[in-house]
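Residue numbers (this note's numbering), protein chains in the order written: chain C, 445 to 1253; chain U, 80 to 457; chain W, 22 to 241.
Don't read these hints as lab results, they were simulated from the structure.
Warning: the hint list may mix true and false statements.
Residues from chain C that keep clear of chain U, each with C-beta distances beyond 12 Å, as calculated [to be verified]: (1) Glu620; (2) Val741; (3) Gly827; (4) Leu882; (5) Leu1068; (6) Leu1230.
Restraint ranges, calculated between C-beta atoms of paired labels, are given here [unchecked claim]: (7) U/Ala364 with C/Thr565: 32 to 40 Å; (8) W/Asp135 with C/Leu882: 19 to 27 Å; (9) C/Pro626 with U/Ser248: 27 to 35 Å; (10) W/Ser60 with C/Leu725: 39 to 47 Å; (11) C/Leu748 with W/Ala34: 43 to 51 Å; (12) C/Leu882 with W/Gln137: 18 to 26 Å; (13) C/Thr565 with U/Pro303: 38 to 46 Å.
Every residue, glycine too, gets a C-beta built ideally from N, C-alpha and C.
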Amino acid sequence: MIHVLATMFGHWRRAPLQLVLLIAGLALATALWSAVQAINAEARASYERAVERLGTGDMAALTSPEGTIALETYVRLRRAGWQLSPVLEGVWGQGEQSVTLLGVDVLSYPGAPAMAAAAETEGNLDVAGLLMTPGVMFANPGTRAKLERDDQEAARIFSLPDLPPDLVLSDISVVEALLNRPGQLSRLLILPDQPRDLPPLSARAPGLVVTATNDGPLGDPGRLTRSFHLNLTAFGFLSFGVGLFIVQGSIMLSIEQRRGTIRTLRCLGVSVSSLMTALLLELILLALVAGAVGLVVGYSLAGLLLPDVSATLRGLYGAPVDGTLSLRLSWVLSGLGMALAGTLLAGLQALISLRRLARHLSQASYAPARLSASQIQILCLSGAGLIGLGAVVLSFGSGLLAGFVGLGGLMLGSAVLVLPVLNLLLQGARRMAGSPELQWLAADSRLQLPGLSLSLMALLLAVATNVGVGTMVSSFRMTFVDWIDQRLVADVFVEVETEAQAQSVLRWATLLRARSLPQFYSDTRLNSAPLRIYGVVDDPLYREHWPLVRKTPDAWERLHGGGAVFVNEQLAQRDGVQVGDRMTVGPGWSAPVAAVYSDYGNPDKQIIASLPALRAQVPSPTLLRIGLVPPEGMSRDDLAQRLEQDLDITRTAIRDKEAIKSLSIAVFDRTFVVTGALNILTLAVAGFAMLTSFLSQWTRRLPQLAPVWAMGISRARLAGLEFLRSLGFAILTFVFALPLGLGLAWVLLNVINLEAFGWRLPMYLFPGAWARLLLLTCLAAGLAALTPVLRLLRLAPAQLLGVFSNDRP
Amino acid sequence: MIAPRAFRVFVLAGLMLLILWSRAQGQGYANLGSDAAGFAVPDRGRQLQFPADHGPHPGFRVEWWYLTANLRTASGEDLGVQWTLFRSALVPEGPAGPGSPGGPGGPEGWKNPHIWMGQAAVTTATSHSYAERLGRGGIGQAGVVTDPFSAWIDDWSLTSADDTLDNLSVTARGTEFSYDLSLQQQGPLILHGENGYSVKSEDGQASFYYSQPAYRVTGTVVLPDGPVEVTGEAWLDREWSSQPLAADQSGWDWFSLRFDSGEKVMGFVLRGERGDFTSGSWITADGATTPLSPAEFIATPVSWSRVAGRDIPTLWQVEIPTRGVSVEVAALNPGAWMGTSFSYWEGPVALSGSHRGTGYLEMTGYGDARSSNPSERK
Amino acid sequence: MLVSVKDLTRRYAGQNRDVLSGASFELARGESVALTGDSGSGKSTVLHLLAALDRPDSGQILFGGRDISRLSDPAASELRRGRIALVFQQFNLVPALNVADNISLHARLGQQFDPQWADTLVSHLGLSDLLERYPDQISGGQQQRVAIARSLALRPDLLLADEPTGNLDETASAEVLRLMLDLVNRTGCALFLVTHSPEIAAQCDRHLHLSGGQVRPAGS
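Build out the structure end to end from the sequences listed, making use of the hints.
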């Protein structure tokens, strides 16, 4: 066995480049997959840390449609035997400095141990200190620093890094005093262990609603961000699959090249099973080495991408993820396992062909694998079947998973169809071609198809994903830019800190004849999820600009005159609210919905009411920002300057519309950096797969090329044709991939986005981007073809001649 | 989940330090540490006042209402039931306030400085189920009031129709059991020590301590197999104090024994490095009580059981030579371990020897397996 | 004279003896010439040099009076495309093309395709039923007949054959050889046939033998 192994391995000593390519391919596949896994694991661990130690996970909660639950209700339920943990939540402080206060009963709150540990290590504090006035508070270090600057009570704020930003956790006794809401609770968590024979909740607290998962700030961010991670995983898996095509190509190539060795070994009495075992061992060894390399690369890649991912997660979902990576054993093992499983899968064909080779030594080895009609039929049927299945799942399924499964069906089905479609195209091309040379090229290309099919599928998937994801991101960006332009109704925005300051800005604006758009709002909760209600003044600018996606014809009149409200798409989607419905906005406040507006980049629900309507419910809503429009003849800059001079407002508190816009767009772009990076990497991997396919076809190529060469087509010309063929394949694949990519984009925009974010986006087409992608695809194909082309150019005639006879020296 | 339990240990360590007179768990919590720290201290000359003293004493740091019952089913199987409510004050006197529903002083609402803990258990020869409840004072979730008498936490309660402890109802419920019992007193309240002033160490640490040792019980206990009707006898202890154990004391063994002759004994051994401190009361059938002097009550472990990873004496020899008592005290179920926030052994016992009877045994300070190696004991 | 070969020498890199050392011979139109020689004597080298597939180290090959021994690859390719056809021992055919396309390919590349002539060849060689088949779907003898049809469809000046029957059994071998000689006679092209078999050589007009790097008439 050792000798067999050594002999088989000897091949790699003679073909070091091939070995490097193989390991590189496998390593790349493993790297992309495990990078994504590392990122996901890190994010998940971050959530879990927060949720496990401080939060309530998916624990069900009791909430009240009224928004608050009386303390008596809690005690009544407790005295009925229900094991509940009360939570009081509210917004504390003003403007930029405001934070969410979360008050819990430390005797029953599941996350209390972490609070206690922090209090003990940081403050050497005992239980009494935790429970009794003045009490202590917990916040993550960033939030704590923010509070310390202007709060004398900072001394009793302890650091708890697992808390999400802008959240302060404390005992309920402290929080009810700070919020001035004695005797009120926001929700009651239903603890896991309940005594036997409890009376039904409905009997004891008829007004309360059981929420299966609570959307509180320490609810599970994993639920919100699931879509994002699923997305990443899908991407990683795609890259991995594409990478496997490389491995498959390389291993087949190595078998092809070891034909002689294998024949000799067989003649020397080595059994087929020993040969198979040797190959299997070789595959395992390769997988482990490449897997290890891939893990190292993947780890660094993840480290590189993680800050952007965490920015994305924070930006889109407000989910806290550390920007640093930690090494996990499970990750290492799963990465290696994946590499191993992938290699074996990719090596399956090699194993089969080795067995055939070893069993039938005498059979002509150069018989080309021409596609039979029945094979084409099977491919067509299974491709169409997969696409049909995908379409059915997409039309009738619901939810994120259905979206991805449907997409998977579409893409896989299309990939399977690549072969028959290209076959058909080449058949047509052969008939149409005028010159015998091109006819030969078309015919010969058809012959190449089976060997290239896997890498062409990889290319198809990569290109389609590129088109799809690119279209989605660009459409989103375009919509976003448009939207933010509309949304920033005023030209200049002033941040104000106090009520008095706000009033003076408003007075000043009136004197100057500038129009002012004060943005009053009030933060509350709706069905236990955060809700912000804006009260807007009746200004024509809103009517002209505010981006409404669905509305009644007289939406603005109904808002200002009829007590109607507008809701953002997120709220409409999550709560199933439609234009014309009547909804409960808060305790004793229900209103018809006159319009739904788009509200991108905001994870939370939002409502717009007229200012008088908001004031009727909330006597003094928060006012932190005032929009200003300069009077005729005054520029934005002038207005900002006057504002600064007249009212002594610091420059940093005055924001130009353009500045806000560019900042927002910058944040948006940063959000999709990862997607872009993965896109390019996938394409690179596909190019690489083509290269290995070409190389593995090489030994088969000579008998195909030699007769043509002998008939007077020079090597340079053959090389040129070979290059052309590669480009042709790339272009054909691209043409095929484009509609698939657009379909993908449509699904992403209309199904996945809706599920993940709660908004539907219009789809735009970007021919410029396609052209660039086509160029990139051709570049990849060209680079992939470069090695065989160069080899062909340098090919000695003797090698070509060698094909024709058995007994050449 | 393990973490919240760990936290409860954290919270209650200080509290239980006093409740169970064990110093092992409580080091490092400054204001629960080593002395009464501003809380009221038992006054040797004070006469107990009823019904007021059935209610809480918020000036004292710690206090409990402690009921144990030896019961028998219609088919003759023995079982024990425990119902306990502890009160602990985090700070000596809460800020002045109107008091609260059931709260023993201090302000109403979450700011109330009292923490309540309930523990309940049902022990048969083959099973032992227990449950625990925690609650904040001041909000009505837990408390004790006196007219009529009622002590409760969540849905567990010990109540009377009037301001006496003569006739009580007691209920509790866990995930595996529940019970609902009626208690009728068969004799007077008895005061331990010196008119209720019970000394706990050579250094003079003391508590107020009285009992109702003679209840007749009827009611229903629900076990995993279903409800069973029970009858039997119960014993209620009331005790409050502010002072911890003496520095060298590591735990105690507490006995409440009921002889078929109608006489009863309460006796305890506080285990200390300087030697054990023993005390007790001899109660005649008609309720006349005599304190036992330190040397009179002798309890010796006879054999040990491995329970919850530690060795616990579950068979004792109890002797009171002056009263002609020499009985073997055997646990009905050696596995009666209370794995609650602060864990200890508590369960029904059967007596044989010079007297026959039943009773309850509580053993603390065996919590840490390392320090309870039987070989280290005499 | 169609071909004049003068003083050809050829030495392969890494070998310490000349494969050819001053080989000279001539070929006339309409003539069939066989070249025999021991294994490794350089028979095929001579053939490759005649086809401008390889270059001599020294010496001259005049083809129709033009020295073709130093042609560039494109020029040599052009020469083969129009004037010289080859039949090898194996892998003569383009696997991607069916029999019909294989037969016409060379002629069409040389822009000399004559469908009627091709039909004549097909029927003469008995390939009519095989036109739609692919090379891997027909027997070795059939493959060689297709190769001959393809070569002659070009109406080449010179047909070079390197062990054309080397992979065939005796019956097929005789059949293929008969057809080839017959057609060469009809078209009037010159045939240069490399073989190790004296029997085959005997059926040609002339029989040359290669040994010690020199070409001499056989039997001399």
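Tell me the numbers of any earlier hints that the structure contravenes, in ascending order. 1 and 7
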